[in-house]
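Given only the sequences and the hints, what does the whole structure look like? Please build it.
Protein chains: 4
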Amino acid sequence: MTTAGVSHGPGYMCIIDGCPPGLPLAIDDLMPDLRRRRPGQSLLTTQRQEDDIPEIWSGVFEGVTDGTPIGLLFRNQDHREQDYDSIRDKYRPGHADWTFDAKFGIRDYRGGGRSSARETICRVAAGAVAKKLLASQGIRILGYVIQVGDVVATITDPTMVTPEQVESTPVRCPDVAAAERMIELIDEVRRERDSIGGVCEMVAVGVPPGLGEPVFDKLKADLAKAILSLPAVVGFEYGSGFAAARSRGSQNNDAFVPKDPWRIGTSTNRHGGMLGGISSGEPIVCRAAVKPTSSLPRPQQTVTSSGESTEIVTTGRHDPCLLPRFVPMAEAMMALTLADHWLRRITPVGKSGK
Amino acid sequence: MTTAGVSHGPGYMCIIDGCPPGLPLAIDDLMPDLRRRRPGQSLLTTQRQEDDIPEIWSGVFEGVTDGTPIGLLFRNQDHREQDYDSIRDKYRPGHADWTFDAKFGIRDYRGGGRSSARETICRVAAGAVAKKLLASQGIRILGYVIQVGDVVATITDPTMVTPEQVESTPVRCPDVAAAERMIELIDEVRRERDSIGGVCEMVAVGVPPGLGEPVFDKLKADLAKAILSLPAVVGFEYGSGFAAARSRGSQNNDAFVPKDPWRIGTSTNRHGGMLGGISSGEPIVCRAAVKPTSSLPRPQQTVTSSGESTEIVTTGRHDPCLLPRFVPMAEAMMALTLADHWLRRITPVGKSGK
Amino acid sequence: MTTAGVSHGPGYMCIIDGCPPGLPLAIDDLMPDLRRRRPGQSLLTTQRQEDDIPEIWSGVFEGVTDGTPIGLLFRNQDHREQDYDSIRDKYRPGHADWTFDAKFGIRDYRGGGRSSARETICRVAAGAVAKKLLASQGIRILGYVIQVGDVVATITDPTMVTPEQVESTPVRCPDVAAAERMIELIDEVRRERDSIGGVCEMVAVGVPPGLGEPVFDKLKADLAKAILSLPAVVGFEYGSGFAAARSRGSQNNDAFVPKDPWRIGTSTNRHGGMLGGISSGEPIVCRAAVKPTSSLPRPQQTVTSSGESTEIVTTGRHDPCLLPRFVPMAEAMMALTLADHWLRRITPVGKSGK
Amino acid sequence: MTTAGVSHGPGYMCIIDGCPPGLPLAIDDLMPDLRRRRPGQSLLTTQRQEDDIPEIWSGVFEGVTDGTPIGLLFRNQDHREQDYDSIRDKYRPGHADWTFDAKFGIRDYRGGGRSSARETICRVAAGAVAKKLLASQGIRILGYVIQVGDVVATITDPTMVTPEQVESTPVRCPDVAAAERMIELIDEVRRERDSIGGVCEMVAVGVPPGLGEPVFDKLKADLAKAILSLPAVVGFEYGSGFAAARSRGSQNNDAFVPKDPWRIGTSTNRHGGMLGGISSGEPIVCRAAVKPTSSLPRPQQTVTSSGESTEIVTTGRHDPCLLPRFVPMAEAMMALTLADHWLRRITPVGKSGK
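Chains as they are written, first to last, in this note's numbering: chain Y, 1 to 354; chain X, 1001 to 1354; chain W, 2001 to 2354; chain S, 3001 to 3354.
Don't take each hint at face value.
Calculated cross-link-like contacts (lysine to aspartate or glutamate; reagent style EDC-like; alpha-carbon spacing at most 16 Å) [what the hints assert, rightly or not]:
no., chain 1, residue 1, chain 2, residue 2
1, W, LYS2132, W, ASP2028
2, W, LYS2259, S, ASP3085
3, S, LYS3259, W, ASP2028
Covered stretches of chain W, going by a simulated chain S footprint (3 or more residues, C-beta under 8 Å) [as the list claims (entries may be wrong)]:
no., stretch
4, 2100 to 2111
5, 2215 to 2221
By construction, these hints were calculated from the structure, which means they are not laboratory data. The C-beta atom is built at its ideal place from N, Cα and C for all residues, glycine as well.
So, in structure tokens, the structure goes:
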């Protein structure tokens, strides 16, 4: 997957290399996740309108993928270049303005330019392709919000959560009681011109044992990289994660038991479906910590590009909490990572020809 | 960095590509970190003896690197092949035995084979080279233990911790009071034939702003991958990390202020030295969650390779807590990641010739 | 450089990663080479009309590159889908029809689909960017035709050929007398409904010594790959090339002499500017053998996709000789390869600060 | 494949990543090609003795590959460091001495250091592994000498040449009459303290259609890169190659015909088994031009590292013609390239399960 594009240019390009031929694919396969990512879905998210219908330029022939690069195009709309003149020479706290200037010596200051989260539109579209490929192999991916601020959801069994449960609340939390309190909290921080962070959990079921390439391209390592490459993510864990730091081996180890469909499995899943960086056949369960939105409609202290102290107010429309729209992004990165490793899977010599 | 080798073969090979010429390098530069990684340092770690003196086969000429691949060699000793016959057909809980079998259809069962943590000897050696390269650019890296089980250290300022403080306790925790309780706890779990997890914090100071390659090779993403590629790591966070999920934007954003040496900096460092996936010039601070040692000298439930229920007791000598020896491994992976990004840094056209 | 697109879809996308910031860039920088590549320039080339004006979607801000991915877009026109129905189930000799079917099990049969040489439009545009980057470092690249069929040009000194000389004849051969005979020959084969092959020579002057990464990414190896990745190229050589097979070491070796601008050079250049796969500072001189156009407006024997013998006549407009339009493609691939290696060049530790 | 090592250090390391598990492998599988590469086989080659028995450090378990990195080790012997003091500060014509100095600012002057052709020992060993993998899929590779100086062999059908024919003459040319004249010529140049170039042809039969990844990683492009990465190679061509420049499309195109084993093939093979950069199922035929040995036991003009004119005589033992020992190197690079592309081959979705 390779992308180009900025939030205030003509649009975004996305090239997906390596998708096998023979996969039925149409724009309608991409739209559901793109709609889940789209701003303006509810009062919980930014009211900014974006037109997110992709064009498929190549890689699909007569309704199925043909093995050549899939080229996707998104046109930008709703430009308001004037919005950004006031921040042209000021660095927004929590954003990449300063670091882009430090790195490149030049920066497209309009809406974050290349660092805009609108870039994730490409990831979500490519992720939808990956999801369809994985689905053809019986692999299903689902993400949902498990924490917003101090509100923590109770999920008894991650593998039992359904897409319908996730979509039933605008905050995409399958624990309805927690979801209500999350919505209240987001509404509260929005009114206070503030923002709030949270945690998203992602689950993949049906992943066969054997995906992952030790010692450097372990599945856990590539999942961590994929999730951390998303804007605003500040932490990743899988299985028992940071809680494992408090536990003992006798508590944290999962006992192996005879189990279908891979004949061997574990009675519990504290290892989050990965052992030695290779999928075990158990559901892969991981979590991402997302920081509160950096753009705040209130004055913040900063400096100008010439190094003088000043204040900045980020106008425009921003999510008071990124989590609801983050869910499809996280699912997409998980799907892309699993699809890559599925394509890299190994066939022992002699067990198949071609 | 490319490696080969297994715990019970002749040894390990490590090839480091891309190290610039002109860096003074000798075996003595590698030994301090290798000694910190070595088993048998104290009662807190395994009493297994390993001979960890590397041979430099290439890449160093007349005392300095010459730009060609650096070849390092480690010979294995202390083989006890007979130790492993009892586990030949059983999967150790928490280990990669089952997943290697599932992936490859064949597995070197002697001491974990390729999945043995002895493989980190290559990483620590390569990391020492990376540290020396970074040091020539004023970049310094330090790791230390901040949590073992429920014992959490208090670190007022990560940038003020010294290597001497870290090495002053066998548990490598600079908070002496916490270190004592950690040692007690480790001793307790050892006596109970159990193990315990923990958290390691890593700090890099002197990193210039501008390292990191959005949107997919963000510095935070590559650090996460590097750390998660280490055995037993189950979580990664930087800056405020998972705590950011509970905080508000007004609390979590760091204000920009005029500041040396990069002219612009932040008054606080909740962003852990990275914004938009690019280094900001502030210290890079991140943490790794490490699970309790999977090998336990007590019976655990498992299955045989033919899928029958059985019990297993992992004999041999194992760390009751991985954290003390984990510190140099984490430092090494951080150093390698920063060195890679330093070598990829960009010079705008016209600002330098060659 | 990553591309997507097919000849009979909406168009082509090209993403250029890694171009340093600060390079002035506009569409006008890309047009000269795109015009040289364009069909319909003269009677020597196909009369097919293509609209080859690119759109720059990203990577250029306020007139200069900003270090982020450069996204280029080309829209297709002049579609005639009906042209290709007759070849839908037949494999054109010399083309990739059969091999695409064999590889992917599906094939966009319209105009070659992904295997169409129209794909080189992306390479020529990206090459123009690379040329501009190289020019800022004093490196200049030029290609020209030295052979068409049996007509071989006489080039006394490759480094003295000027762009004006090359463009002064429609066949892009700077030897005017040979050019005339080449034009006659091409006209003759065109009238005979046939095609003819040839050889293109490429020269790069101003390349500093030290580019190339032994032992696998030698500059000669990467140049060979780049040139062979172009359609219709069936051979590559540099310096004395295949003629070296007939020569003796005492004839083929170039003597070193004191020489500006790199202080040391060679008195002759049979080594084509590369020794040990690294640039020597002397001009880089290489050649590509190009086969005669495979599409012929005459009946050829072939089989159908179900394996039955049949005949095929390739209608449509095709170059009777690919060489004139091949020149900018070869220059582009050489420029991209040199730019990549220039960006990978090494600075010894201590010789530069940041 | 990753390598490290220099000619006058302790030895060479070679790491082979990605070899599938289940391939029977032992040192005896590597020895035949290593012996063909070894110096001192006949009066045609250098009389230098090398001990070329590898050690397998990892990747092979109980006699078969286990999917983990294969680590190979070669120890150097026959060191004569004093031999090279006289050339310490002089650049040998035709060698990489000057370019290594220009690139790295430092150079291991002992026997060429990293640029020594002894490095090909790793390639030949890795190539033997690749050959064995390919053989398990019915793919067979063979190289032989077709030209030394002006002596050109006559090969009626490249696919009918047998390994026994190739090995029956010390020059590895299956045309016995030509071989005799080649041997005379090599003997002549050796007595004249000179050297001579030549051409090697390589053939792969049994390659299934569909290998190669357009548009940049075409099979022809990767073969060209692999062959050009070998020392002394100055040209590459496949199929009709440079001769195609002189031919017409009506002569050069190969007609498709119904043909086993892939159901479709061509009646002639001027396309050298690759169309559109993808294997066609026909034998892959390519050639490498090899320059005359640069090391000459006669005075040559050169400069010192400080830029002063001087003379140099390369003492030591060198091949008067590289071709006989080049054959296994070329076969190895062809095998590695084909194995890589075989591992990358595509399975359309739905046509296979796991």
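Results for each hint:
no., hint, verdict
1, LYS2132(W) to ASP2028(W), "holds, 12 Å"
2, LYS2259(W) to ASP3085(S), "violated, 25 Å"
3, LYS3259(S) to ASP2028(W), "violated, 51 Å"
4, 2100 to 2111, "holds (count 6)"
5, 2215 to 2221, "holds (count 6)"
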